[in-house]
Amino acid sequence: MFQKFGFYIKHSLNDLRVNGQRTFFALLCIAAGVAAIVSLQTLAGMISNTLTDNLQRNNRGDIQFTTEGEFGGDEAIFQNAVDDGLLVEETFSGFGQSGSQYYVSEAGLQAVRDWLNGRYGDQVELTYRQPLASQIEVIFGSGAGTAITDPVSGVDASQLSPILIDSAVYPYYNSIETQAGTPLSEALSSPESIVLSDKVTEQLDLAVGDSVRISGSDASFIVTGIVNTDVEVTNPLEGFFNSQFGFYYLDVSAVSLFTDVTPRANTIFLRIENATPELVNEINSGLQENFPFVQTTTTEDLRENYTQLSDAISDLVTVMGLVSMLIGSIGIINTMQVIVRRRTVEVAVLKTIGLQANQVTTLFLVEAVIMGVIGSIAGVALGWIATFAIKGVAESIFTTDIPFVIVPGAVVNGLVVGILVTTIFGFLPTLTAGQVRPGIVLRPTDNIVPRAGILRSLFAILVIMLVLIGLAYTITGNFGISAAAVIGSFFAVAILYGLLNLMIWIVGRFFPSFGSVDLKISLRQMAAGRARAAVTLLALVIGVFSLSLITLFAQSINNLLSTTLEDAAGGNLAISLESPDNLETVINLIDAQEGVNGYNINRSYSVQFVELVEGDTGDVVSLAQIGDRINNAETPFGGTFGDDEDPDASQELFAQTVGTIDARTMDDLPDRTFREGRGLTAGDEGQPVAVMTGSFITDNAGVSAGDTMRFQLIVDGEPTGDVFEFMIVGIEESSFANVGFDGAIYAPVESFPQGFAPTNTSVIVDIEDEFVPALRRELTSIPGTFVFDTAFITALLNSLIGTFTAFPTLVAILGLIVGGVVIANSVALTTMERRSEIAVMKAVGLQRERVLSMILVENGILGVIGGLVGVGIGLIALIQLVSAFGVPSSAVPIGTALLLMGLCVVVSLAAAITTAWGASGEKPLNVLRYE
Amino acid sequence: MATQSEFVLQVDNITKDLKLGEVTVHILRGITLNVKRGEVLGIIGPSGSGKSTLLGIIGGLDSPTTGKVYLDGQDVTNLNERKLTTVRNEKIGFVFQQFNLIPTLTAQENVSLPIQFSKTNKNNPDKRAKALLTTLGLGDRLKHRPNQLSGGQQQRVAIARALANEPPLLLCDEPTGNLDTESGERVMAALQEIRETLNATVVIVTHDMEVASQCDRVVTLIDGEIASDVDPRSTAQRAGVKMLKDKRATDELSALAKE
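Residue numbers (our numbering), protein chains in the order written: chain A, -2 to 928; chain B, 933 to 1191.
Some hints could be false.
[Stated by the list, open to error] Lysine-lysine pairs mimicking DSS-like chemistry, simulated, CA-CA at most 27 Å apart:
#	chain 1	residue 1	chain 2	residue 2
1	A	K388	B	K1000
2	B	K951	A	K1
3	B	K1059	A	K7
4	A	K1	B	K1054
5	B	K968	A	K1
6	B	K968	A	K7
7	A	K7	B	K1000
8	A	K1	B	K1000
9	B	K1075	A	K7
10	B	K1051	A	K7
[Stated by the list, open to error] Quick list of simulated restraints, FRET-style, between CB atoms:
#	chain 1	residue 1	chain 2	residue 2	range
11	B	E1128	A	I458	21 to 31 Å
12	B	P1035	A	F2	18 to 28 Å
13	B	E1117	A	F2	33 to 43 Å
14	A	G869	B	P1035	26 to 36 Å
15	B	H958	A	F2	42 to 52 Å
16	A	G495	B	E1117	55 to 65 Å
17	B	S1082	A	M829	20 to 30 Å
18	B	N1110	A	G869	34 to 44 Å
19	A	V841	B	P1035	38 to 48 Å
20	A	G495	B	N1055	51 to 61 Å
FYI, nobody ran anything at the bench for these hints, they're computed from the structure.
Think of the CB as a built atom: it goes at the ideal place given N, C-alpha and C, for glycine as much as any other residue.
Please put together the full structure from these sequences, using the hints given.
What follows is the structure, encoded as structure tokens:
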């Protein structure tokens, strides 16, 4: 028993050693897959460690609390607290919306201090962050402290978050230092001292010692330090503004330098001496009971959040790492097939001298396992190296240093999955070894292809599926999902394999050779070896498909946001005016501003729908009839709209949809696509015509171009009684891009009944990006003016997309690398099998370069096929995906798709050159005479 | 019929047909052959006469269409693959023209291999391999891999491997076919020595008349039938050899005529 086992091991090791290049590439396939798992899981572990390592530091105390705005809970609780003087309410209104935000007042802070002192004495202390502007003001860049100007250059940075702190103690459990190493407490020694985040200094080209102006204050501030963004931004779930636009620190005493700023706190931090979880809980409960308006986060809450986050990342990367491993396993199948094929006669000899079929299978399986073990160990090492390369991605997402640690779980998973996957994928080819007939030893030829037989193959596939379902089950914990995913993947892979096989055959068979012998040979070789080529391409296709889907999706959204959003809105800057009386002043400012390409004034009126007069029949349709039409409409999910909704809901929905009509000037109207009728023109001014955006509701209400809609104006919440009408001249294509500040209907401004105030007035300006800050600065002098930059939405969504696609992109790149390794492996195997053929070609006079070029042409064509299929499927999936989001397919980046296809060819060629160079240089006699 | 102890191998009226498309090719047409213990039997014949097929059937590598094969008195004709493998391991030693040594194993490891996979052999694989190789003059080549040995040396390692489990029957397929004259002579000398020292029964398929002339008995196969079965030194054998030569001459002439 041991003797046999010793033989298996010795024989396998010898074989692996003797076949250097083949072994190397096979091991690389396994190692690359395992490295993907190990690096991703290690990274997930490192993130988890970093997040949970110092909860008190990340929470800036044992408990932190804040208050929430209008979405935070019971409005009455906040109002009571405001009445009691514990909270300060700040209201906001703009773009037809309004809301409140609450802060803890000085009295509120004192009340909390008193309560803590009364109960816990000196054991608990607190500090807080004082805001200057509300979050909403930061978004619009309009409140005090949200913009900093360099008085020398006149350039300013806006949408900044001011953080006023007690620099002597903030933050608890940590010390913030400037880039020069000065503690915050020293840097903020006076109210005029300011410490800027690196984002701001980079934007304004400022240095320590420069003086700056802050909006809302007449004082001049001196830059006493620069801090890295990560000192304040601890995780991607919070601090978007801090990381995206920048922030700065002032001492809390600086609040007196700002006019119209009430001292208040937005986040309060508690430090509890000798904190135990029980004590933290007790204080937390006490706080919530006595101050019901607070929203607390304890270190334990944070731990829970972080654990959930890191678990989610861990699950994601495990699944994705497994996919990489499966891509790598294609290399194992190829290698084991070649090993068995090359050694068919040897197997026949072994069977002749007495090895049973199962012993032969075991022999090869041992070789596969040994490869799995060595490859997995190498993969772990490679994974650690890869972790260093990819941890930058996580560090940029989490804006913090993520120190490298060895995560034992990742190592164990990498080893187990690597060995297991290698073994199960090596199983099918080794089964064929057992079936070699010993008789061939008497008449050995090169053409013997061992086959396992249909039943054995099916059995092997079943075993592979079961093991994979088991693996998937350990990750998902749901057998049904695991089984469905594995079986579904097998079918998908089988279909893909068939497709690739067919494409290779068609190209190999019918692609013209243009009289080139080299091309003809390459095409024939490709068609002849299409089974393996198709299997190999599977690896490349899966990698390039994932990469293309993620990259193209991210870029589609980017394209959409940077161009379409602007076009749809009709400009890149929207200015909302609280009072229409300020319109003239705003227009004067815009007219005087350099860089303005055009603008459009938009007044929104609230209206009540009365009836619809159909253009073709003249029939009058009431709201109730429209409600019935919508109720009978079929939904995309099956059934009718009325099935699930309250029958009257459809009427309300319609009334709401057409409840606002925008009155617009006819200059610089947004560029929209019309599915029916036409857009408005300058000639429509004063005419009772309007256009409407198509949607499920309006389409099913039966509104079409040529119909007339009748309304009553609503003033101060009440209909005026006077009915006016608009003829709908065009219906716009509905789209995700129609994010505007308008209603579903817009009409020429002069067509509206005169003498009524609009509910909201805004100006949409098309202005060059570089002049946006200047106009913004001018506008801050007009009270009640809010400015919204479309670049903000673009930046916000791109940041979110960047965060969410970073890991998948990373995995897809790893997948592509593994795919490249599999191709290198396959080319190595193919050239090895064709050594005698190559030798014959060289013997009859072909130069090395020409032999190499044939191999490259073959692999280049395969790369093109892989790219076409991989990127093609990615594109199809993407078009489906973006159309589900209402994104026009024109946003799909075809250029990037072509680049990805090019990448596929480059990967394929690089892999081919690496491996075929040596084989093409072999002396023909060596091969023909001695092999 | 002879007793079990007298004949190691009994081939009873075997035929082998192969279907090639619509055509049935009769490879062997009723071969009956008995080989005594310790006998060295040569099988000669032109290409396509069925020599290797006969050897394959005797060695359990192939099965006959009809007829029986008895090895040491045991009917091995219809054994399943598992049992046949065991029979090959314990009762038959193979020597091939291409040597067919496992390239990644040393000479000693190659020889010890059949012992390691034997269910009955109690010999120490390493010791037995060493002894056999030393007997065959390769005592100083134990740790050499096949590619470090000459053709003759490789074939002697193959013979040692064939003898590892002390099989009653040694089947040799063109054992000198890939060797120069001197190496071929050394291999034949080794086989003779084995026969004398171990009383092994040897069946040799060969094209080489020199090799055939060293056998106790030579069977000439022509078109799947036994054309002669005689002592090589007898007149009849010389007649068989002449027939063989005539057959070759006829074949060559008809090939020329076709051209």
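Quick rundown of the hints versus the structure:
1. A:K388 <-> B:K1000: Between A:K388 and B:K1000 the Cα gap is close to 72 Å, so the pair fails against 27 Å, i.e. violated.
2. B:K951 <-> A:K1: violated (40 Å)
3. B:K1059 <-> A:K7: holds (18 Å)
4. A:K1 <-> B:K1054: holds (14 Å)
5. B:K968 <-> A:K1: Given pair B:K968, A:K1 is violated - Cα atoms ~34 Å apart, limit 27 Å.
6. B:K968 <-> A:K7: With Cα atoms ~40 Å apart, B:K968 and A:K7 exceed 27 Å; violated.
7. A:K7 <-> B:K1000: Cα-Cα ~40 Å, so violated.
8. A:K1 <-> B:K1000: violated (34 Å)
9. B:K1075 <-> A:K7: holds (14 Å)
10. B:K1051 <-> A:K7: Holds: B:K1051 and A:K7 sit about 21 Å apart, inside 27 Å.
11. B:E1128 <-> A:I458: 21 to 31 Å: violated (55 Å)
12. B:P1035 <-> A:F2: 18 to 28 Å: holds (21 Å)
13. B:E1117 <-> A:F2: 33 to 43 Å: holds (41 Å)
14. A:G869 <-> B:P1035: 26 to 36 Å: Distance hint for A:G869, B:P1035 is violated at roughly 45 Å.
15. B:H958 <-> A:F2: 42 to 52 Å: Once the Cβ atoms are compared, 46 Å apart, the range 42 to 52 Å for A:F2 and B:H958 holds.
16. A:G495 <-> B:E1117: 55 to 65 Å: holds (59 Å)
17. B:S1082 <-> A:M829: 20 to 30 Å: Hint holds: Cβ distance 27 Å, inside 20 to 30 Å.
18. B:N1110 <-> A:G869: 34 to 44 Å: This hint is violated: roughly 54 Å between Cβ atoms.
19. A:V841 <-> B:P1035: 38 to 48 Å: violated (29 Å)
20. A:G495 <-> B:N1055: 51 to 61 Å: holds (53 Å)
Figure legend: structure checked against the earlier numbered hints; hints not met, in rising order: 1, 2, 5, 6, 7, 8, 11, 14, 18, 19.
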